[in-house]
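Read left to right, the sequence shown gives residues 2 to 427 (our numbering).
Derived from the structure by calculation, the hints contain no laboratory data.
A hint or two may mislead.
In silico EDC-like cross-links for lysine to aspartate or glutamate, where the CA-CA straight-line distance does not exceed 20 Å [claimed, not checked]:
no., residue 1, residue 2
1, K361, E420
2, K253, D217
3, K253, E276
Computed from a prediction, not measured in an experiment: that's the story for all the values here.
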Amino acid sequence: MTILDPIVRQGCGCDAPDEVAPLISIDEALRLIGEAVAPVPETERLALDAAGGRVLAAPVRATAACPPFDNAALDGYALATAYLEGEGPWSLPVATRIPAGRSSGLRIDGRVAARIFTGAPIPPGADAVVRQEDVERDGAGVRIARLPEAGLNIRRAGSDMAAGQAILAAGTTLGPRQVAAAAAAGAGEVCVSRRLRVALLVTGDEVRDAGAARRDGQIWDVNTPMLRALLAGPGFDLARVEHGADRRPELKRQLETLSHDVDLVVTTGGISVGEEDHVKPALASLDAAFVFSGVAIKPGKPVSFGRRGGTFWLGLPGNPLSAFVCWQVFGRAILRGLAGATMEAPRRRHVVLGRAIRRKPGRCELRPATLAGFDPAGREVAAFEDAVHSDRVVGVAKADGLVFLPGDCEYLPGGALVEFQPFCDS
């Protein structure tokens, strides 16, 4: 049995005793987010080539059949199989040449062939295409040794999609594959949800811009550039980025102003139970409603979610790893809900632990992990550090995702099956 170093407690409240307030599970928090968040009602129409990364507000339907006509699947010779009588081989004169983008007015009647290229329309009367590698040129004609089956190497009209067929549903995020399908459907424009307006408020008297001069007790700001990068996608407008001092009256004024301008306010720090944690009291004084405050997750226990009027609020812990992990789990879910994206479960899959792990039970631990190949059974193996430190980010920069260590498990042997969620940098 391998005994691992204990997980070191940090100062953001992530490892404080759990008896202060009841904690809910990760799945319960995601359920509450799904119930609370509704898509923004405004939509816009965009040219398809400008819509990558956006969320469909209306389905995409095929404007015509695809392919629009029977066409050749490869370079070869089109012919009518009914005229190949008797024993082969058969010699056929080449009556016409059909490149892609053109059609032939010649009907294939009789024992003749048409030279045809990939994507070109099948001439009337032809019912097979013999690939060029399977024929022998014979002067101005070709010799075919084997009788082809009817339909060979022909792409039938409508075989990919029929006119009017629903190709992409509302709520679909337009990645490269979805854009390709929409283009094939003839959708030059699509209807998408408008860009989401987000404000970021990073608290802490001790934080300074990365690279700036620091006095004793000060640290560089990791959360602002990290969250800027996470919110740099095409569907978001990072409307406001502010620094908040550790003083309740000022935070109250900032939060009141920000909540009028955006769909979501994201804060970091100031959400635990210490004397210098002023974000939640400031929101409470603004009559904000709290959906949850505290989740049985490690790191990131103080993570909180609520609403003030029509604006949602996500309170992330101040330590960078905690903030990043909570964004991956909860922030992405909130943005998907606001954009009207299908609220699918996170893209988790099973991996095995590369070695044994002993940990403090009680909360589900999300530990950064690197995929380190496959075991003899073909299962992916996850490698990880001995402990989670919520203020350290070098390990997460090298990791591929998070392994989910069940809250009720104190010891997991090497080879144990656990869930793994790959990182998404948006």
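K253 paired with D217 [C-alpha distance capped at 20 Å]: violated, 28 Å
20 Å limit on alpha-carbon distance, applied to hinted pair K361 and E420: holds, 18 Å
Given hint E276 paired with K253 - CA-CA distance at most 20 Å: holds, 16 Å
The structure is inconsistent with hint 2 alone, although it conforms to all the rest.
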